[in-house]
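Undergrad: Use the sequences and the hints to build the structure in full.
Protein chains in written order, with my numbering: chain A, 4 to 295; chain B, 13 to 605.
Fair warning: there could be bad hints in the mix.
[Claimed, not checked] Each computed EDC-like pair below joins lysine to aspartate or glutamate, with the alpha-carbon atoms no more than 16 Å apart:
hint : chain 1 : residue 1 : chain 2 : residue 2
1    : B       : K339      : B       : E314
2    : B       : K179      : B       : E88
3    : B       : K166      : B       : D224
4    : A       : K26       : B       : E114
5    : A       : K9        : B       : D90
6    : A       : K264      : B       : D90
7    : B       : K284      : A       : D101
8    : B       : K166      : B       : E114
9    : A       : K9        : B       : E114
10   : B       : K225      : B       : E314
11   : B       : K588      : B       : E565
12   : A       : K136      : A       : E210
13   : A       : K221      : A       : D37
14   : B       : K205      : B       : E159
15   : B       : K85       : A       : D5
16   : B       : K85       : A       : E210
Honestly, the hints are just simulated from the structure, not real lab data.
These numbers come from a predicted model, not from an experiment.
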Amino acid sequence: MDHLDKLEAQSVYILREAYREFKSLCMLWSIGKDSTVMLWLARKAFFGHVPIPLVHIDTHYKIPEMILYRDRIALEWNLNMMYGENREALESKLTFPDGNTDRITCCKYLKSEALKHTLSGEWPRYRMDHDLKHYVPDEGKEPYTGVIVGVRADEEGSRSKERYFSPRDKDNVWDVGDQPPEFWNQFKTDFSPGTHVRIHPLLDWTELNIWEYIEREKIPVVSLYFNQGSGTRYRSLGCYPCTNPVDSGSRTVSEIIDELKSGRLSNIAERSGRAQDSEDGGLETLRRDGYM
Amino acid sequence: MNIVIVGHVDHGKSTVIGRLLADTGTLPKGKLESVKENCRRNSKPFEYAFLLDALKDEQSQGITIDMARCFFKTAERDYIIIDAPGHIEFLKNMITGASRAESALLVIDVDEGIRENSKRHGQMVSMLGVKQVTVLVNKMDLVNFSEEVFEKLKADYSDFLAQIKVKPVSFIPVSAREGDNIATLSGRMPWYKGATVLQQLDRFTNNKQLQDKPFRFPVQDIYKFTRQNDDRRIVAGSVSAGSVSVGDEVLFLPSGKQSAIQSVESFNTTPKQIAITGEALGFTLTTQIYIRPGELMVKPSEPLPEVGTRFRVNIFWVGRAPMIMQKEYKLKIGSARTSVKLAEICNTLDASDLSYSKNKHQLDCRDVGECILETSRPIAFDPASASETTGRFVIVDNYEITGGGIVIENLSTDETLLQRHIRERENNWEKGLIRSEERELANRHRAKFIVFTGVPGTGKRSVAKALEQGLFANRLNAYYLGVANIDRGLDADLGYHVDNAGERMRRIGELARILTDAGLIFITTIDDADDYDIETLKQLNEPSDILVVNMGENGFSRYHPDLQLPAGGTIADAVKEVADMLKTKEIIIEYQI
Chain A
4 MDHLDKLEAQ
14 SVYILREAYR
24 EFKSLCMLWS
34 IGKDSTVMLW
44 LARKAFFGHV
54 PIPLVHIDTH
64 YKIPEMILYR
74 DRIALEWNLN
84 MMYGENREAL
94 ESKLTFPDGN
104 TDRITCCKYL
114 KSEALKHTLS
124 GEWPRYRMDH
134 DLKHYVPDEG
144 KEPYTGVIVG
154 VRADEEGSRS
164 KERYFSPRDK
174 DNVWDVGDQP
184 PEFWNQFKTD
194 FSPGTHVRIH
204 PLLDWTELNI
214 WEYIEREKIP
224 VVSLYFNQGS
234 GTRYRSLGCY
244 PCTNPVDSGS
254 RTVSEIIDEL
264 KSGRLSNIAE
274 RSGRAQDSED
284 GGLETLRRDG
294 YM
Chain B
13 MNIVIVGHVD
23 HGKSTVIGRL
33 LADTGTLPKG
43 KLESVKENCR
53 RNSKPFEYAF
63 LLDALKDEQS
73 QGITIDMARC
83 FFKTAERDYI
93 IIDAPGHIEF
103 LKNMITGASR
113 AESALLVIDV
123 DEGIRENSKR
133 HGQMVSMLGV
143 KQVTVLVNKM
153 DLVNFSEEVF
163 EKLKADYSDF
173 LAQIKVKPVS
183 FIPVSAREGD
193 NIATLSGRMP
203 WYKGATVLQQ
213 LDRFTNNKQL
223 QDKPFRFPVQ
233 DIYKFTRQND
243 DRRIVAGSVS
253 AGSVSVGDEV
263 LFLPSGKQSA
273 IQSVESFNTT
283 PKQIAITGEA
293 LGFTLTTQIY
303 IRPGELMVKP
313 SEPLPEVGTR
323 FRVNIFWVGR
333 APMIMQKEYK
343 LKIGSARTSV
353 KLAEICNTLD
363 ASDLSYSKNK
373 HQLDCRDVGE
383 CILETSRPIA
393 FDPASASETT
403 GRFVIVDNYE
413 ITGGGIVIEN
423 LSTDETLLQR
433 HIRERENNWE
443 KGLIRSEERE
453 LANRHRAKFI
463 VFTGVPGTGK
473 RSVAKALEQG
483 LFANRLNAYY
493 LGVANIDRGL
503 DADLGYHVDN
513 AGERMRRIGE
523 LARILTDAGL
533 IFITTIDDAD
543 DYDIETLKQL
553 NEPSDILVVN
563 MGENGFSRYH
573 PDLQLPAGGT
583 IADAVKEVAD
593 MLKTKEIIIE
603 YQI
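TA: Take a look at the structure:
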């Protein structure tokens, strides 16, 4: 088994462990390359099926290609696709693009808050109806007790501290200083009422591993990752007001791999195109508050 | 390859990692700059260790609070370096790091010498099964790169490691801060002829031995995605040792069921004929057998694992509350989960001060104990000396993993806690003045404990209640007890914890003992009981007898229920069949509808 085989096997093991132990389980799909690889790994784990609902937090400021891609794949792969949103903040225009908040607060409202209340079932969820081919309100209101998230340890400092199975308390707080032990391949699969567990199958993957795996498995990803003539491409996807493409000529997956291995990108942080990270506190403040 | 780096606080682990990242050209430009900038702003001299201290509270405390992963690559292969904290408070993180590693770097400050954590971490790494250990003797610049000082420390530490049966691969004198012997050999220690740290990492070998061991496949789950028009019934899991091929005979333990591999299942790969160690995949079997997640699939042609309920173990306890006798915990081994009790403590080692004790009655936080555990139902395992992956377990207390350990030997021929309990109970049973024969004569029937079981939804309760009614109409003393009544009454103190499954079963058994002693035909239902549930009830109910009626699919492996009823029949037919059997067995003399 090579390095990618081992990473794949470990992720599959984690996904199956989550599916076995959590009766109310969902997978967050950001439409980005990482969580798309994770979705693919779920198809590996469950032999072509995805028996877990996929949840997307729609800020309604996502780059339009992302949403088109999401819905196309949802129909093609027969996914139980859900989305949630912060309707109140959007309606009252409490957002950064509307000029009413800073970037971090906007992230907090449109992502962290929306996520928290979508997972808990307090705010409406919308489910893709495969016959109608559009979204309908979902009747399910039960909170998700297991949430599968595609974070990678190499992305940024705080993520390198994560466990595969990481408990969050009632307020979604992550007690980073007192995390449960993970002995061998036994994880925290028991949780007390009111709490939930985040599950991180991609923790050991690097950005390069992700692209090598996409290449090997021929996984379809959003076209925004590739240079389509402008000499730029997105390296990390988010909302259009806060996400900038990087200068790069890579048109294919293998060109991205070459670029990561030897090119100039190896010296630039992956999320450097994400403007919210550079505000005071940045990603870490967001993550403590429940951001992925 | 996963490498864990351990050692005492301030002995320089983070500096070693920072150096490795810098010297292999792994650092993103922004990261180093931002850390340097941060140091400048806080008027601190830059140290490589700060690179890893990514979190705010970590920097303010100045100690590594958690296990962090770093990635780098040499010409040879990819590495994940797991930075395990040295501080005693963060032992859980150290364990998490070390239990994932294939090799370990143990860092010792040459100036401070061997400290508490140098020993404790040596011990932990050994117990967690990390076989390849290299000792980095750090801060050589503080002792003028003296060969003599290095050799002295090497001799002392080798002695200690020998006591705990660890044989280090090598000792390397380094100065992580200055970069000596990390990526390139140091000109300041010409007397050192060994490998640099990077060369040593590349020389560690991947664990290949597991592939040659007997096949072990903990069954993680059984999938059937019928609603997606997929009729495959797939036994899913990861191969923890050995290999298996299409056509091979397989045996499931502890149930003892047998079948053969029909196909190896995987998604988006070329068809596979063989599954090897480390692969996460699935199998279909040539016969439809009822197996549950948690069984261990093996090949009957190879050395078999042990099966038992009582075994000697080494436990490392990290729970805030101590591990105590009498209490039920949850045990997870391979893919099996069962309830477990601490039966005996043979001796303990306090990991804080490394003192031994032979007379403790509980395991406190950071104790390593040689103990005897008893599970409520048998588990399949290998002693850790035979195959490490199937001999490791964790213990869950109140939702948290609070301990981990390895099985040393099977002690299943000993008297179990349950057997001892029943022996003592019966020796002290206070009898009334009425003999059971007198009761039988007066009642016109014998006492009996009747258990209806089967998967949920087979109509067990309706039949059980109708049976009570029918017996009553025949003026026989029968009593039906709904399990929900016990949950809210007798078991109210247990809550809905899975860990208490054994205690719940015990209470039903004790009730049966009393009610059958009172001469009743005592009827209850248990969802999906297995062989060991029935065995437990049977023992607890002694000297009275148990009678088991299974409805629908038979989930037992070896146990033969006294009566097998179909799931879809009428209640009246079912009651009649049970009554007929009661007559045959001379529990009752006659029964009129």
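Undergrad: Does each hint fit the structure? Answer for all of them.
TA: To see whether the hints hold, each was checked on the structure:
1. B/K339 <-> B/E314: violated (37 Å)
2. B/K179 <-> B/E88: Outside the cut-off at roughly 25 Å; violated.
3. B/K166 <-> B/D224: Distance of about 34 Å is beyond 16 Å: violated.
4. A/K26 <-> B/E114: Violated, at roughly 33 Å.
5. A/K9 <-> B/D90: holds (12 Å)
6. A/K264 <-> B/D90: holds (13 Å)
7. B/K284 <-> A/D101: violated (55 Å)
8. B/K166 <-> B/E114: violated (23 Å)
9. A/K9 <-> B/E114: Status holds; Cα separation ~13 Å.
10. B/K225 <-> B/E314: Holds: B/K225 and B/E314 sit about 9 Å apart, inside 16 Å.
11. B/K588 <-> B/E565: violated (20 Å)
12. A/K136 <-> A/E210: violated (33 Å)
13. A/K221 <-> A/D37: holds (14 Å)
14. B/K205 <-> B/E159: Measuring from Cα to Cα gives roughly 12 Å; hence the hint holds.
15. B/K85 <-> A/D5: Holds - the C-alpha atoms of A/D5 and B/K85 are around 14 Å apart, at most 16 Å.
16. B/K85 <-> A/E210: holds (13 Å)
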